[in-house]
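Visitor: So you can see what is in the structure, the chains are spelled out below.
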Amino acid sequence: MSDLFQEMTAKALQLNIPLSAHLDLTYRCNERCVHCYLDHHDHGEMTTAEIKDLLDQMAEAGVFYLTISGGEIMMRRDFFEILEHARLRTFCIKLKTNGILIRKQEADRIKALGVESVQVSIYSHIPEVHDAITKLPGSLEQSIEAIRRLRAHGIQVTIANVLMVQNVRDYEGVRALAAELDAKFTMDPTITPMMDGGRDVLDLNVDEKTLRDVFRNQSLVMEDIEEVCAPPLGPGEEDMDQLPCSAGHTACYVSPYGDVYPCVQFPLPSGNVRHTKFADIWRDSPQLNEVRAITLGDLPSCSKCTHGATCSRCPGLAYMEGNMRGPSYQDCEKSFARTGIPSENLKARKATSLPRHSVQLVQIQGLQPAPRTMTNQVLESTQVSA
Amino acid sequence: MNSKRYVARSTAIAARVLGDETMVMSAVSSTLFTLDEVATVIWESADGVTPLEDIVADKICTKFDVAPEVALRDAEKLVEGLAEHGLVVLADKPITESKISHGENR
Numbered sequence: 231m232s233d234l235f236q237e238m239t240a241k242a243l244q245l246n247i248p249l250s251a252h253l254d255l256t257y258r259c260n261e262r263c264v265h266c267y268l269d270h271h272d273h274g275e276m277t278t279a280e281i282k283d284l285l286d287q288m289a290e291a292g293v294f295y296l297t298i299s300g301g302e303i304m305m306r307r308d309f310f311e312i313l314e315h316a317r318l319r320t321f322c323i324k325l326k327t328n329g330i331l332i333r334k335q336e337a338d339r340i341k342a343l344g345v346e347s348v349q350v351s352i353y354s355h356i357p358e359v360h361d362a363i364t365k366l367p368g369s370l371e372q373s374i375e376a377i378r379r380l381r382a383h384g385i386q387v388t389i390a391n392v393l394m395v396q397n398v399r400d401y402e403g404v405r406a407l408a409a410e411l412d413a414k415f416t417m418d419p420t421i422t423p424m425m426d427g428g429r430d431v432l433d434l435n436v437d438e439k440t441l442r443d444v445f446r447n448q449s450l451v452m453e454d455i456e457e458v459c460a461p462p463l464g465p466g467e468e469d470m471d472q473l474p475c476s477a478g479h480t481a482c483y484v485s486p487y488g489d490v491y492p493c494v495q496f497p498l499p500s501g502n503v504r505h506t507k508f509a510d511i512w513r514d515s516p517q518l519n520e521v522r523a524i525t526l527g528d529l530p531s532c533s534k535c536t537h538g539a540t541c542s543r544c545p546g547l548a549y550m551e552g553n554m555r556g557p558s559y560q561d562c563e564k565s566f567a568r569t570g571i572p573s574e575n576l577k578a579r580k581a582t583s584l585p586r587h588s589v590q591l592v593q594i595q596g597l598q599p600a601p602r603t604m605t606n607q608v609l610e611s612t613q614v615s616a
Numbered sequence: 010m011n012s013k014r015y016v017a018r019s020t021a022i023a024a025r026v027l028g029d030e031t032m033v034m035s036a037v038s039s040t041l042f043t044l045d046e047v048a049t050v051i052w053e054s055a056d057g058v059t060p061l062e063d064i065v066a067d068k069i070c071t072k073f074d075v076a077p078e079v080a081l082r083d084a085e086k087l088v089e090g091l092a093e094h095g096l097v098v099l100a101d102k103p104i105t106e107s108k109i110s111h112g113e114n115r
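Line by line, the protein sequences give chains V and Y. So my numbering is basically just the index in the first sequence, starting at one, shifted up by 230. So my numbering is basically just the index in the second sequence, starting at one, shifted up by 9.
Extracted from the complex, chain Y is given alone in its bound form (with noise of 0.2 Å):
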């Protein structure tokens, strides 16, 4: 199986750009995470919009010097904690807003 994988941000966070990394505090929770600069491209790509495997090989490969197999494997690793933690959205198809908003995942 070789599905497209969607990531979108979800919307019960608050987070902000702080030089070369991010700041994300979940709404639900109040804890504070920090993204450094490669988890911060792929959080500001993260549109629910654009696979994943799209945002590893526009905005990673191209810009930090790794394999293209070992980007998309560290994203994955990546996206499937934020995910856990409710910082974002993952799906095997286009995101929605409104599943954005109630933090669903599926």
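Next up, chain V with everything else stripped away, as it sits in the complex (with noise of 0.2 Å):
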């Protein structure tokens, strides 16, 4: 991350300015990913005319980076009309997509309209393993496709391969690939649950041993390895300010529907667009308000945690498993791999012998019948330079 980008990022916090937006055109796709989070239905998404309302909202209240994701995004017939007005509100645009609709024209049409970059889903190099988690024979070669001609138009794409059982030995054939496409590449060990709730999906997630040799791999991690999985010192008195992380403070996610959330991870009802202006839920949501207000300090597990410091803790999972002020299991399981110290919730668990994904699900209270979701976060850095 640049130190330009963590300057602006900074003065976004401080002036309350949401500096990054996820917005989800619809939850409809093509593919059918069996670690999907998604509920493919439409539920009665946002017209074209709700959307180019929304984005000259989220342009006026400062939003700069927009990630235009789905679903499937091109499943809209309005997309690039959508996509067209987005950059004439002189967005920042990064788009999400499997890529099996991007032919020629559309590639032409996103490098006319400077989409800063194209995040594409690649589970595995072998087609018979990724096509078998798309559930859509001939979906790797067409994803594949679709890269070679958006990099033939110069257009920066990165890969995304999310780790799962099925595809567990396959992340180093993706970064070859990548490589030989020309192609960043980002990877991602974490299966989130469904957005009904359902946590069967969390099975597919990969043993401790596996992620413990993905932060032992310098290829995928960016920083010293030594210092990333290093045993943590413990939170001080001067980490208890520490905020967890964007969500609600300079970044936020809206959904097909127009609901709000602090993150796309994050499925707290904040806002609808619908019924009340971006800026306004923005500014004075008591949910974000609330959500703003918590630090490190404010966390009665993890702030006495030795991981407290140093944790990935996802405030969104930990709403998730019932508390937002609780710890989240996954990143638990994700610190013990990485240092070899359990955290104080891990002793906890181990000592009431709790099963893997046994945490009591909090009922979500959604403002639309079906949009609670959630994503998953990946292993990237941020390609910005000064």
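It should be emphasised that the hints constitute simulated quantities derived from the structure, not laboratory data. Glycine included, each C-beta is placed from N, C-alpha and C at the ideal position. Please note: incorrect hints may appear among the correct ones.
To be verified - Stretches of chain Y that chain V covers, calculated by requiring three or more beta carbons in the stretch to come under 8 Å of a beta carbon on chain V:
id: 1; region: 18–24
id: 2; region: 29–42
Said to hold, decoys possible - Within a straight-line C-alpha distance of at most 20 Å, the following computed SDA-like cross-link-like pairs (lysine to any residue) qualify:
id: 3; chain 1: V; residue 1: K534; chain 2: V; residue 2: K580
id: 4; chain 1: V; residue 1: K414; chain 2: Y; residue 2: S38
id: 5; chain 1: V; residue 1: K241; chain 2: Y; residue 2: E30
id: 6; chain 1: V; residue 1: K241; chain 2: Y; residue 2: V47
id: 7; chain 1: V; residue 1: K324; chain 2: Y; residue 2: S38
id: 8; chain 1: V; residue 1: K341; chain 2: Y; residue 2: T40
id: 9; chain 1: V; residue 1: K341; chain 2: Y; residue 2: S38
id: 10; chain 1: V; residue 1: K324; chain 2: Y; residue 2: V37
From the two separate chains plus the hints, produce the assembled complex.
Guide: So, in structure tokens, the structure goes:
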């Protein structure tokens, strides 16, 4: 992350500006990935006019980095009309897609519209493995073809690889494929719960040994491995004011139905842009203001945990486990895999012998019938330079 | 020679005002820039049809305590730097939209 980016983020935090937003245009998709958290039915997506109005409001509120995702974004027939409007509002745009519907004409338009980057999910370099995950025969070949087209246009592409039991041996192969295609590579070792609260999908998560291997693979971890995997020193008094992450502070998520959440992975309903102006939700939502008020010192368990200051704890995952001030079991597992030191939460679980993924799921109060979502947090570094 | 100079923001950029600064990202190189308060005024006035010297006279010299010739010289340097990174288009006559979208300097 560049110093300039950090400086701008700090300024946005100080001015209470939503510097980054993630907008899902649809939950419909032409793939049926085994690990996907979404309900692919359309429960009343925002219209073209509603989305354009939202983009105007977001630009006015100060959103600069805009991630447009789904579902599959190209399933919306008005996708390019929306993208063109977004570029007129001078957002820095990243698209997330499986690329299957990107042919020459679409690549031409993406290039002409000045999209900053396109992220394509590739689960394996082996067609049988990738296609078994997407449940769409021929999908790997089509996604790779799309990446070639985009790269031929000079468009920056990132290949996102979600690690799960089905493709556990393939991340090196996908990384090599990314190098061959002249694309960036990111890998995410976390499978998140379904939008309907279902947790069976968590069984797709890789085991602790694989996680440990990932954290000790220098080609995947951008920083010094010894430092990353070093035993934590525990949080000091000076760490107690630490903020958990950018969710609700300088970033937010808007679903295809207009619901606003702190993050795509933090399904705390905070307002709906069909009823309330985006800027009013951002500024006045009691839910967002509650999220903003939480510092490390307010986390009863994590503030006393030896990993407290260095853990990648996701408040969204913690919320889905029942308490946004509580620990996130999946991050506890990651901290353990990384350092070999169990968190306070893991020790307590071991003492009560609770099986993996047996946490109580919070009942989420959605503003609309369906849109409760979360996504994968990728181990990625922001490609911004001063 | 004292020809007028015109400056227009490129369309191949992302930009947002953040307080009294402006963040600008080049879509070509994914490089992030920030413009300070004075540069932000010039950036926002860079419509392709207002001569740079008018922008300096009307928007800079009236707002900031700076001599006109110094302000113009600094503004020239600024827009040339921005043009080098493809963030603006410079021309000696008013700039049409097609020239802006192609990032073409004349």
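Visitor: Evaluate each hint against the coordinates.
Guide: Going through the hints against the structure:
no., hint, in the structure
1, 18–24, "holds (count 5)"
2, 29–42, "holds (count 8)"
3, V/K534 - V/K580, "holds, 18 Å"
4, V/K414 - Y/S38, "holds, 15 Å"
5, V/K241 - Y/E30, "holds, 10 Å"
6, V/K241 - Y/V47, "holds, 18 Å"
7, V/K324 - Y/S38, "holds, 14 Å"
8, V/K341 - Y/T40, "holds, 17 Å"
9, V/K341 - Y/S38, "holds, 13 Å"
10, V/K324 - Y/V37, "holds, 13 Å"
Of the hints listed earlier, there is not a single one the structure fails to meet.
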